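**Q** Kindly produce the complete structure, drawing on both the sequences and the hints.
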Amino acid sequence: MTADQQAPRTEPGAAGPPAPATAPGGTGRAYGRYVAVAVLVVLAAAPLFLAPFATSTLSRVLVFALFAVSLDLLVGVTGLPSLGHAAYFGSGAYAAGWVSIHVTAQAPVPLLVGAGVGALAAALTGWITVRSAGVFFLMLTLAIGELVGQVANSWESVTGGANGLTGVPAVRVGGEPLANAGFTHWYVLLVFVLGFALVWVVARSPFGDALRGIRDNEPRMRALGYSTSLYKYAVFVLAGGVAGMAGSLLVAQQRLVSTADVGFLISSLMLLAVVIGGAGSLWGACLGAALVVVVRDALGPTLDGHGPLVLGIVFVVVVYLLPRGAAGLLGRTR
Amino acid sequence: MLVSILNGVAIGFLLFILAVGLSLVFGMMDVLNLAHGALFLLGAYLGATLAGSWGGFLGALGLAAVGGLAAGVLLSLMTEPLRKRSHLDQALLTLGVALIAAELLIIVFGDDPLSAAAPPGLDGSVSVLGAVYPTYRLLIIVIGAVLALAVYLVVDRTRVGALVRATVADREMVATLGIDNRLVKGAVFAVGSVLATVAGVLGGPIYGARPGLDATVLILALVVVVIGGLGSVRGALVGALVIGQIDTVGRVLLPDFASFVLFGALALVLVLRPQGLFGTRAVAR
Numbered sequence: 004m005t006a007d008q009q010a011p012r013t014e015p016g017a018a019g020p021p022a023p024a025t026a027p028g029g030t031g032r033a034y035g036r037y038v039a040v041a042v043l044v045v046l047a048a049a050p051l052f053l054a055p056f057a058t059s060t061l062s063r064v065l066v067f068a069l070f071a072v073s074l075d076l077l078v079g080v081t082g083l084p085s086l087g088h089a090a091y092f093g094s095g096a097y098a099a100g101w102v103s104i105h106v107t108a109q110a111p112v113p114l115l116v117g118a119g120v121g122a123l124a125a126a127l128t129g130w131i132t133v134r135s136a137g138v139f140f141l142m143l144t145l146a147i148g149e150l151v152g153q154v155a156n157s158w159e160s161v162t163g164g165a166n167g168l169t170g171v172p173a174v175r176v177g178g179e180p181l182a183n184a185g186f187t188h189w190y191v192l193l194v195f196v197l198g199f200a201l202v203w204v205v206a207r208s209p210f211g212d213a214l215r216g217i218r219d220n221e222p223r224m225r226a227l228g229y230s231t232s233l234y235k236y237a238v239f240v241l242a243g244g245v246a247g248m249a250g251s252l253l254v255a256q257q258r259l260v261s262t263a264d265v266g267f268l269i270s271s272l273m274l275l276a277v278v279i280g281g282a283g284s285l286w287g288a289c290l291g292a293a294l295v296v297v298v299r300d301a302l303g304p305t306l307d308g309h310g311p312l313v314l315g316i317v318f319v320v321v322v323y324l325l326p327r328g329a330a331g332l333l334g335r336t337r
Numbered sequence: 353m354l355v356s357i358l359n360g361v362a363i364g365f366l367l368f369i370l371a372v373g374l375s376l377v378f379g380m381m382d383v384l385n386l387a388h389g390a391l392f393l394l395g396a397y398l399g400a401t402l403a404g405s406w407g408g409f410l411g412a413l414g415l416a417a418v419g420g421l422a423a424g425v426l427l428s429l430m431t432e433p434l435r436k437r438s439h440l441d442q443a444l445l446t447l448g449v450a451l452i453a454a455e456l457l458i459i460v461f462g463d464d465p466l467s468a469a470a471p472p473g474l475d476g477s478v479s480v481l482g483a484v485y486p487t488y489r490l491l492i493i494v495i496g497a498v499l500a501l502a503v504y505l506v507v508d509r510t511r512v513g514a515l516v517r518a519t520v521a522d523r524e525m526v527a528t529l530g531i532d533n534r535l536v537k538g539a540v541f542a543v544g545s546v547l548a549t550v551a552g553v554l555g556g557p558i559y560g561a562r563p564g565l566d567a568t569v570l571i572l573a574l575v576v577v578v579i580g581g582l583g584s585v586r587g588a589l590v591g592a593l594v595i596g597q598i599d600t601v602g603r604v605l606l607p608d609f610a611s612f613v614l615f616g617a618l619a620l621v622l623v624l625r626p627q628g629l630f631g632t633r634a635v636a637r
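So the protein lines, in turn, are chains G and S.
All letters in the first sequence, in the order written, are residues 4 to 337 by the working numbering.
All letters in the second sequence, in the order written, are residues 353 to 637 by the working numbering.
None of these hints come from the bench; they were simulated from the model.
Keep in mind the model is a prediction, meaning the values are calculated, not measured.
Where is the CB? At the ideal position from N, CA and C, for every residue including glycine.
Please note that a few of the clues may not be correct.
As the list claims (entries may be wrong) - Covered by chain S, per the in silico footprint, the following chain G stretches (three or more residues, Cβ under 8 Å):
#1 169-182
#2 237-249
#3 310-322
As the list claims (entries may be wrong) - Computed Cβ-Cβ distance ranges for the label pairs, DEER-style:
#4 S/460 / G/177: 52 to 58 Å
#5 G/230 / S/527: 33 to 39 Å
#6 S/534 / G/210: 41 to 47 Å
#7 G/164 / S/528: 54 to 60 Å
#8 S/456 / G/164: 26 to 32 Å
#9 S/463 / G/316: 18 to 24 Å
**A** Structure (structure tokens):
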């Protein structure tokens, strides 16, 4: 069933390792490498010529881009459309914030705690979700995501309840707190690159090929002897961990976490980001996240607070007009 | 405790009215209608604005039913071109509709929470087995029980119901018999949406009307549907009553962790019966 739905995104022969479709055209890939380096250089240089507000918006884009990339590992690569991925992003953010306040804000600690708690939350909930397929998976992830959001709202002693977790200290690197928006941006960029590279390597590995095989034709992968639920569980936990990393970046960037960062709206906006970018394309997911964050945070206030209205219209338009996302427009499916 | 249990029954029947439409649309046409919560919110806002007198209450119910009918037909038409595509596309479309609808409701009704008054004569309380209990909630129990019976009888005992069940079981076969399943889909979508908006009016005096309520009730309805099993009226009823109890009694016993309890129940049911208590379709394929 999942196979027919996802079929348009890839050629039918791509199931099973080694999937020939993992390698896009050679020249395109060489150009891609130059573009990637150029983009990284621009991103790294950005704080030198951008105003602090623009810099922190750019950092937020990177935070949500990492979130979108982790979600794309589920949606695009494995064909598991999660509507509750913010649960793991939020768990990571709260955990990183809590550790920063109560234990230490020394650099790798909040990051590792955020990633660990994101993965743990995904491990605890994933064993229910990955047993289901298609529309069941959608609604289970949605329900679990929202229940985690309610926990964040009601567990006041740890999460600060409706006020959120405030007063998170700046991340410290080697004893120095990163007070300045530019330094924070470089920290966010560094972690983003690490997280992106992790997902990219996983997606290109034989494990990633197996995941794409599951997306395209799960019964066939089972017949080939793959324990598909184990693969799905593993990728669910991994994606939860990367989302937790992104959550720890969110705290590092905005120095607070609120229930608005855990809820259903974030999950659905990031799913929109992945779909806009073209599910399966990690770069596309980043571009989609950039679009969503800019519409919501930068454009939202000028739209009289009706950012959600614009995003709702974007949802409808994207579904009808761009079934394969922006990456589909460019003629590349991954 | 008796009051909590009765509250649970009232909320349960309200959830049933909300969830049964979601369950039928979902079980039948494979459309996960994420705008279902927004329909409830529409009813809640209409009730909060108009209710307070019997004329207003019945007027709100009538307007909500018309609105639900129109929305159901519209949603059915909008999702039709996506039938051959993935569930994800349908979910995204209805999610977009839900976002737009929620914003429009805020524009029309403002973003302050509104409270709805029960109609006169029902705003007092009565004594039930020695406990003082709001009359309006008893009315919800009665209306819910009557609607549950009605939906059950229609789906289980009439030709129309047989057609709906047949479409759930085998859409192609029904199409082969010369019945346009777009019509069946539109009708079920319309009935489900009307039930959602009516549930909103009825639930107004309990939940009030506020931004964000749409997501809250949508999740409760989804949990009901998952626990009860897809497309099963009986499942929706049992699931709704169970969730009603968990949500109210759980809140009294473990105020901080009612969501954990809800999740625990969901997990337990899915581990024991992945297809839900009364579900017939296989979950994993």
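**Q** Now tell me if each hint is right for this structure.
**A** Structure-based check of all given hints:
1. 169-182: With 0 residues close enough to chain S, the hint is violated.
2. 237-249: violated (count 0)
3. 310-322: Contact hint for the region 310-322 of chain G vs chain S: holds, 10 residues under 8 Å.
4. S/460 / G/177: 52 to 58 Å: Holds, since residue 460 of chain S and residue 177 of chain G (Cβ atoms, about 55 Å apart) stay within the stated range.
5. G/230 / S/527: 33 to 39 Å: Because 38 Å falls inside the window, the suggested range holds.
6. S/534 / G/210: 41 to 47 Å: The hinted range 41 to 47 Å holds for residue 534 of chain S and residue 210 of chain G, with Cβ atoms some 43 Å apart.
7. G/164 / S/528: 54 to 60 Å: holds (56 Å)
8. S/456 / G/164: 26 to 32 Å: The hinted range 26 to 32 Å holds for residue 456 of chain S and residue 164 of chain G, with Cβ atoms some 30 Å apart.
9. S/463 / G/316: 18 to 24 Å: Holds - the Cβ-Cβ distance for residue 463 of chain S and residue 316 of chain G, about 19 Å, lies within 18 to 24 Å.
Hints 1, 2, counting from the list given before, are not met by this structure.
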